[in-house]
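Undergrad: So the protein sequences, as listed, match chains D and Z. Its first residue numbered 1, the first sequence is counted upward by one per residue in our numbering. Its first residue numbered 1, the second sequence is counted upward by one per residue in our numbering.
Quick caveat, the hints were computed from the structure, so don't treat them as lab data. Because the structure is a prediction, the values reported are computed rather than measured. Worth double-checking, as some hints may not be accurate.
As the list claims (entries may be wrong) - Cross-link-like lysine-lysine pairs, in silico, DSSO-like; alpha carbons within 27 Å at most:
#: 1; chain 1: D; residue 1: 81; chain 2: Z; residue 2: 248
#: 2; chain 1: Z; residue 1: 245; chain 2: Z; residue 2: 202
#: 3; chain 1: Z; residue 1: 526; chain 2: Z; residue 2: 248
#: 4; chain 1: D; residue 1: 59; chain 2: Z; residue 2: 676
#: 5; chain 1: Z; residue 1: 134; chain 2: Z; residue 2: 168
#: 6; chain 1: Z; residue 1: 134; chain 2: Z; residue 2: 268
#: 7; chain 1: Z; residue 1: 526; chain 2: Z; residue 2: 602
#: 8; chain 1: Z; residue 1: 372; chain 2: Z; residue 2: 250
#: 9; chain 1: D; residue 1: 225; chain 2: D; residue 2: 81
#: 10; chain 1: D; residue 1: 167; chain 2: D; residue 2: 225
#: 11; chain 1: Z; residue 1: 258; chain 2: Z; residue 2: 245
#: 12; chain 1: D; residue 1: 59; chain 2: Z; residue 2: 602
#: 13; chain 1: D; residue 1: 167; chain 2: Z; residue 2: 678
#: 14; chain 1: Z; residue 1: 659; chain 2: Z; residue 2: 678
#: 15; chain 1: Z; residue 1: 947; chain 2: D; residue 2: 167
Unchecked claim - If we take Cβ atoms under 7 Å as the criterion, some of the chain Z residues that face chain D in the derived model are:
#: 16; residue: 420
#: 17; residue: 424
#: 18; residue: 620
As the list claims (entries may be wrong) - Incomplete in silico selection of chain D near chain Z, CB under 8 Å:
#: 19; residue: 53
#: 20; residue: 54
#: 21; residue: 55
#: 22; residue: 57
#: 23; residue: 109
#: 24; residue: 123
#: 25; residue: 141
#: 26; residue: 154
#: 27; residue: 256
#: 28; residue: 271
Virtual Cβ for every residue (Gly too), placed ideally from N, Cα, C.
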Amino acid sequence: MEKIRNIFKPKPIYGYHNTKIGYLCLAPFLILFFTFTILPVVISIFLSFTEYDMFNLPKFVGFDNYKFLFLEDDIFLIALKNTMVFAVISGPTTYILSFVMAWLICRFNKVKNFFSLAFYAPSICSGIALSTIWLYFFSSDAYGFINQVLLNIGIISSPILWVTDTKYIFGVVIFISIWMGMGTSFLTFIAGFQGLSEEISEAAKLDGIRYASQELIYIILPQMKPQLLFGAITSITAAFGVFDIAVSVGGLPSIDYSAHTMICHIYDYAFIRFEMGYASAVAVILFAISLSAGKIVRKALASD
Amino acid sequence: MKHFSIKKNLALVMAVAIFVSTVLSLQFATSAETLSQMFKPDEDPVEFSYEKKDSYKDVLKQFSENGYKSAKTDKITIPASQFFIDGKYELLDEYKGEKSVFYWDENTENIVINLTVPSDGLYTFGFTYNSGTKESAPIVRSLTVDGLVSYEDCYTLGFNRKWICDGKVIKNTAGDEVKPKSEQSDDWQTSEFEDYTGENFKPYQLYLTTGNHSFDFKFVSMNVYISSFFLSSFDEPMPYKEILKVYKQKGYKSSNEKIMFEAEKELKYSSSSTMRVGSNGDPSCTPISRGYTVMNVVGSDSNTAGVSSEYHFTVKKSGLYKLVTRTLNNTRDGLPSFRKIEIDGKIPFAEVAEYKFLDTDKWDMVTIGESKDKPYLFYLENGEHTLTFTSLQSDFSVINDILEESSTKLSNLILQINMIVGDDPDYNYDYHLDTQIPELIPTMDLLIDNMEKAKKIILQISEKDTAKYNELENFISQIEKMKSNVFKIPRKMKDFETLLSQYGTWISQFALSPLVFDNFVFAPEKSIVENKKTTFFGSLYSTCVSFIVSFSKDYSGVAATAGDVKIKDTIDVWVSRGTVWGNMTKNLIDASFTPSTGIAAKINIVPAGQLNAGAVNTLMLAIASGRAPDVCLGVSTASVGEFAIRNAIKDVSKMSGYKELSKNFLPTMLVPNSYKEKVYGIPETMNFKCIVYRKDILSDIGASIPKTWDDVRNELFPILKQNNMEMYIPVNVGSDLYATFLYQNDGSFYTDDLERCTFNTELSYKVFSEAVDFVKVYSVPITMNFYNRFRTGDAPIGIADMTSYMQIMCAAPEIRGKWGIAPIPGTVSKNGIVNRSYASGSETSVVLINNKGKKDKSDLGWEFIKWWMSYETQVDYGYSIEAEQGTAARWNSANKDAFYAMAWDRDDLAIIKECQKQIDARPVVFGGYYLDRYINNAYNAVAISGKNMREQIEDAAQTIDAELERRRR
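Bound-form chain D, shown alone (with noise of 0.2 Å):
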């Protein structure tokens, strides 16, 4: 008898025994998680000391890189403007429109499953093969798709050079990105709209909640904040990992750096002149920047 009770009887959740098994579950996880994510931060922020082209070893120069990073490079200027540019303008408001977008979808059941797919089929596509289908639409001759309506219209009279005029590059690269990066934010919030609790909008409603907006305001959005923080992440280092797209509309430095990212400038640095040392400074700082925008975020939807 006592044995069957003791089988029963709720074993103490953070005893040593226990801990030792949550441990080896993880080992895995955080075996990769160590190796591939938290080693080449330190790495990194270990090279970004010293002056090393991958052949020869590693030379220490102290805060050199860092000098040279702040006071003497101004296209890291341009990348960093590019990037923040990019963030605040690709972030939000992939963040508002994948919200908006799956809001409104939630409330046509029918279509819901279809419109998640069209949503999220292109965030799991390479950015440089949907880059390839736009590129069709924002050919620069008069026989790109956009050009092509344009001018039907009459609205121009000269096809514009989408991706070879400094004015449009950018442009183009912040479009493609948040058609391209609603995906994940969207799928998520449709699987928040999905937990909404029935009771406490019916509850709502007797106490004299009228319009889907108020719904959405005072029942809704307080009841999705860890779907809302997700996609804030996610959109967020999304808007500072920009690149491949970058690259594939305009190309590798891009004309007059008018696309030319942090995620560029290190790829720069490293892959065509060879300096990994400088590369991995520029690396670190996005790394900081990246960790602090996350941070603020946090806080800002925490706080409410």
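Position chain Z against the provided structure of chain D, taking the given hints into account.
TA: Using the frame of chain D, we list chain Z on its own:
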């Protein structure tokens, strides 16, 4: 203080330069006319002629209208000793068993054969010849009879080559069967000239009257051994009904024996190196392939018409047989393929002269006959026999004629419309095209009519609904819409152009004749030959096996095929090219390098482009981790300098035999491979740039080929603009264009000590504005699909590199013979010579890796490089690649003699050689990539965004100099 003085000096120099140039330009302005006459280059202007002849089809029609019949005559043979041969030549006493043989190479311009014809009638003609075994390019001669060209095809009479397929397959160490190397037979062949595009099953015929005639053959390309010429006549095959009567008369009985043979085992000869054994993964094919490549079929989806393949088989019992063959024809959306079937070199009866193999979804047993139950019977004596299948266009050639006519009409129409509306039409203006161009509506009617005809033929021959039928219908409705609303035509020009390029696509698709053979069965009339079906579980099993095998199989390494050679050592070689190229390299290594040196080479294929500057460089990562190869092929020349500067690759200039090896290359090819008087890479490929132009169109509009850029601006551009045409100048890469003008003005990119750029000097300023003006002043389009617009003719002239040249050569059949090449325009220098220098496109190099992590094998690697870049290897490689991949894949070896040894058009090669001499290159400088980047930026800023030129140039020069200095530190 020092800084200040430099600035001061610079200012002084600039002031002087400005002064001098102003004075000079003043002088130029006052006597521009006389000067341009004085400096007029003294070479002859590039001349071209263009003349159109009747097509062979038209001539055939005339024959039948006039009631000409095949002549009744025995074969008339004229031995080579009786030829009248122009120029130096030698008659070989004996060659491969034939006496007094004439070796016809490019030194002999033409030969004349006089003969007497016994009776009026149609004759076929040909040579007894030996094609030699080395080259694979077509042997072509042109013919005039009694001083006249009888029809267009007489310009390009081709001698067929005979490729050996001996049924032997080699297995490599990975367990895959490998296609044997294409080899040519050195047997003597006697065959009539026939259409190499397989339009018709008959050889070419000529109508000759009784009496004396003279045949004048002219050299066009490639060498050939000739022993005799002959005239003969073509015997029309009898209809099957007649043959049946003959069978009855002679009392032939159906045999009771079944003869079955695998196509891939019994294929002996083919007329094209691409017609070979292949592998098919379908589990119903015999022998079956399970995860490994097995050669089990003959033919492929890309077989063109006009190719024959010969199978050998033995009959044990004389009698009548039906022929059943297991085939697959499923790649053309329902279109059939035609084959001429010959037994022992003769067409047995008329019905199989152009036999139709209908489209099949899956592998199918096809019984040659009226239907499955009514097979044709073939009489076979016991003994050895040959079975020959020749792919034909047959009815498709009728469609192609229609399409070609439409294509010419349409491209003329597009030209005419463009002349009126220009390349930037106002869509809201009514151009009244139907009254402006009287032919507009009739031409569109003709286009519709022709497509209707083509539609009908397709429906009739394919016996079902096909994709092509529907495509045609779509285009018909489009044209009809345009016809009903002429006002909208200017904004629908794209549709016209799509249709035009569609014509090209259709024509090339209809010229294909895909059909894959698995096996052949000669069987008794009443017997049943079962088709082995692919079951669902069969495919599933097969796929699973392949999937499992894929875990253990190494796909990136190229397995060895070498036999027993004592191997001293092994080197690692990376090839940054496609698999076919890698395999070919490996085959050559196994066949010649390893046996002669005892050094084995392990080949690894790296995706092409991965060793380019700017990509994540696999080689760099490999060197950093100590796993780099010993030698790397296909490294982009631009990254050689980058590697050299970082001490990642070896200086080869001190290696033994470098001096001899370097003589193989043009000196400029070595410049980008050198750094500080050391050589780090051996050039592997080279490129060229030239002008390509449409002879027909330029002579129509009365333009000549420009020799200088002044000619382009002052003579060509006005004429082209008047006709609403364009010249293609690659203005999208500013630095290339800038380099061209810089070199032509004897400028260079760097100061002599290579420490600063010269971008802000007066000369640079001048040539930069010259480059920018093409966009700003002459509005040359920044993006243009030159290949398409060259074909339509609205960009009848342009600057092309080797890729474009080969593309136009191979993929624009409708303008064959209507275009030519010329050196690129130059700049007249002070002493009156036209300087045509330019910067060449991308090339690749071979490098010897400085591998720190591993044992040093640079001596062995160097041996390999010397062997690889030698004339023999490069020629062998070039021909093998072309035999395997077709002419478009011509190998542009940097070894100049090997480059020239490829099957170039003779006249073109002379110009290409000239063009290659003009290539200029710039030295490697640490930080040099900044130069291109900033020159391009400045170029775009000025040409596209319209910014101030002086400001852009000064900014760019400053940034470049700063980077160069930073790099030197």
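Undergrad: A separate judgement is required for each hint: does it hold in the structure or not?
TA: Results for each hint:
At most 27 Å may separate the alpha-carbon atoms for a hinted pair to count; residue 81(D) and residue 248(Z) exceed this at roughly 93 Å. Annotation: proposed proximity of residue 245(Z) to residue 202(Z) holds, straight-line Cα distance about 25 Å (limit 27 Å). With a C-alpha separation of about 17 Å, the suggested pair residue 526(Z) and residue 248(Z) falls inside the 27 Å cut-off, and the hint holds. Restraint check for residue 59(D) and residue 676(Z): satisfied, since their Cα atoms lie roughly 24 Å apart, inside the 27 Å limit.
As the CA atoms of residue 134(Z) and residue 168(Z) are separated by approximately 21 Å, the hinted pair is consistent with the 27 Å bound. Among the hinted pairs, residue 134(Z) with residue 268(Z) is consistent with the structure: their alpha-carbon atoms are about 19 Å apart, no more than 27 Å. Restraint check for residue 526(Z) and residue 602(Z): not satisfied, since their Cα atoms lie roughly 56 Å apart, outside the 27 Å limit. For the given pair, residue 372(Z) sits about 26 Å from residue 250(Z) by alpha-carbon distance, which is consistent with the 27 Å threshold.
Pair hint residue 225(D) plus residue 81(D) does not hold up; C-alpha atoms about 30 Å apart against a cutoff of 27 Å. Restraint check: the Cα-Cα separation between residue 167(D) and residue 225(D) comes to about 38 Å, which exceeds 27 Å; the hinted pair is violated. For the proposed pair residue 258(Z) and residue 245(Z), the alpha carbon gap of about 24 Å is at most 27 Å, so the pair holds. For the proposed pair residue 59(D) and residue 602(Z), the alpha carbon gap of about 35 Å is over 27 Å, so the pair is violated.
Of the supplied pair hints, the one linking residue 167(D) and residue 678(Z) is violated, its CA atoms being roughly 44 Å apart against a limit of 27 Å. Annotation: proposed proximity of residue 659(Z) to residue 678(Z) holds, straight-line Cα distance about 13 Å (limit 27 Å). Among the hinted pairs, residue 947(Z) with residue 167(D) is consistent with the structure: their alpha-carbon atoms are about 13 Å apart, no more than 27 Å. Look at residue 420(Z): its Cβ only gets to about 17 Å from chain D, farther than 7 Å, so that hint breaks.
Contact between residue 424(Z) and chain D, as hinted, is supported at the beta carbon level, the nearest pair being about 6 Å apart and thus within 7 Å. Hint on residue 620(Z) holds. Least Cβ distance to chain D is approximately 6 Å, under the 7 Å limit. For residue 53(D), the suggested interface contact is upheld, since its CB lies about 5 Å from the closest CB of chain Z, less than 8 Å. At its closest, the beta carbon of residue 54(D) sits 4 Å from a beta carbon of chain Z; the interface hint therefore holds under the 8 Å criterion.
Contact between residue 55(D) and chain Z, as hinted, is supported at the beta carbon level, the nearest pair being about 5 Å apart and thus within 8 Å. Taken as an interface hint, residue 57(D) does not check out: its beta carbon lies about 11 Å from the nearest beta carbon of chain Z, beyond 8 Å. Residue-level restraint check for residue 109(D) is violated (minimum Cβ-Cβ distance to chain Z is 38 Å; threshold 8 Å). About 23 Å separates the beta-carbon of residue 123(D) from the nearest beta-carbon of chain Z, more than 8 Å, and the hint is not met.
Interface restraint check for residue 141(D): the shortest CB-CB distance to chain Z comes to about 5 Å, inside 8 Å, so the restraint holds. Here the hint on residue 154(D) is kept, as its CB sits about 6 Å from the closest CB of chain Z, short of 8 Å. Annotation: residue 256(D) was flagged as interfacial toward chain Z, and the flag holds, the nearest CB pair being 5 Å apart, inside 8 Å. For the restraint placing residue 271(D) at the interface with chain Z, the shortest Cβ-Cβ distance is roughly 5 Å, inside the 8 Å limit, so the hint holds.
When the structure is compared with the earlier hints, violations turn up for hints 1, 7, 9, 10, 12, 13, 16, 22, 23 and 24 and for no others.
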